[in-house]
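So the sequence lines, in the order shown, correspond to chains A and B. Residue numbering for the first sequence follows the working numbering, starting at 4 and increasing by one per position. Residue numbering for the second sequence follows the working numbering, starting at 1470 and increasing by one per position.
Rather than coming from a laboratory, the hints here were simulated on the basis of the structure. Treat each hint with caution, since some may be false.
Some, not all, of what chain A presents toward chain B, calculated at C-beta under 10 Å [claimed, not checked]:
1. K26
2. G27
3. S30
4. F55
5. E60
6. V66
7. F128
8. I146
9. I149
10. K181
Using N, Cα and C, we set each Cβ at its ideal position, and we do this for glycine too.
Here is what each chain is made of, one letter per residue.
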Amino acid sequence: MESLNLYKQYVEYKDHRILLSFKGAISQEVVTEFGSMIRTSLSAETNTKKIFAVFIELAQNIVRYSVEQEMGPYGNSGVGIIILREKKDFFYLSSGNLVQKDTVQKVKNRCDIVNGMNKEELKAFYQDKIRKPPEEGSKGAGIGLIDIARKSDDNLKCEIASVDDVNSFLTLTVTFKKENQ
Amino acid sequence: MEKIVIPKTKSSPEIIMDYKGGLLEIIGESYPENSLAFYKPVFEWLDKCIQDKVELKVNFKLNYFNTSSSKCVIDLLDRLDKYFANSGIASIKWYYEEDDDDMMETGEEFSSDLKVPFQLVYY
């Protein structure tokens, strides 16, 4: 069996300044635990609340929408990956999971729509959507991406990699400017 | 009807529903796995109170809620607003921690179209 090169992983995590990462089945329990790790590791930051809130939306999206679903004793979970990185002036929170090819384009379109809006337009869009029934296929309020965009300090980065005929891998990255400089 | 208390969990708030005093309180953090299922008993309790024309006091004391909970919060506010418009007696207090501008602004945003008495209170 090929052994896992942990040192290589270590160096990569160090070079990319990865503060937290999780790959696996994300259940509500994992959401809660990882959420409190975010709060602990960023406790000195003023925008921890924002990062925490975006984390919850991204993680619950994986639970609900990842193609890879697992049924556990405490409810269902979705498989995905979540990484929090730090750079000089920014934090980056990324989530990745498998999505069906016909759904992934819809997510990309939604990202393009919110990326084309300024904060005031996003606020109006959010207020309009929150009182409307969620779109077909939505398992939540259907306003997660709008809320994420309102809290992000840059456009949402939506990357799609083809996996096979059926699925793509969707990566969403959200940017937060460090505030206590 | 007995007073109902739903204890808080790591991802759901404490809910106090006191029919006699007409009091509904939602305290803590709200990001349960399924918000609609979680808030269902609250809606049922509220609808019963509205049907019985109970004088209602509703306190939101939330530190954080996710977007699917926000939809439930808006729905509660709208039901109270409709009750008030139909001559029901109701008032809402929206508590926020003193330095929590986001929660204060959310309260302002959510109440901007409401006619029912709505008060922002810091603690």
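Verification of the hints:
A distance limit of 10 Å between C-beta atoms decides the matter here; for A:K26 the minimum to chain B is near 20 Å, and the interface restraint is violated. At about 17 Å, the closest approach between the beta carbon of A:G27 and any beta carbon in chain B exceeds 10 Å, and the interface hint on this residue is violated. The criterion of a C-beta within 10 Å of any C-beta in chain B is met by A:S30, whose closest approach is roughly 8 Å, and the hint holds. This hint holds: A:F55 has a C-beta 7 Å from the nearest C-beta of chain B, less than the 10 Å allowed.
Annotation: A:E60 was flagged as interfacial toward chain B, and the flag holds, the nearest CB pair being 6 Å apart, inside 10 Å. The beta carbon of A:V66 is positioned within 10 Å of a beta carbon in chain B (closest approach about 7 Å), and the interface hint is therefore held. Because the smallest distance between the Cβ of A:F128 and any Cβ of chain B comes to about 13 Å, over 10 Å, the interface hint for this residue is violated. A cut of 10 Å between beta carbons decides the hint on A:I146: the least distance to chain B is about 5 Å, and the hint holds.
Because the beta carbon of A:I149 sits about 8 Å from the nearest beta carbon in chain B, less than 10 Å, this interface hint is met. About 17 Å separates the beta-carbon of A:K181 from the nearest beta-carbon of chain B, more than 10 Å, and the hint is not met.
When each numbered hint is compared with the structure, violations occur for hints 1, 2, 7, 10.
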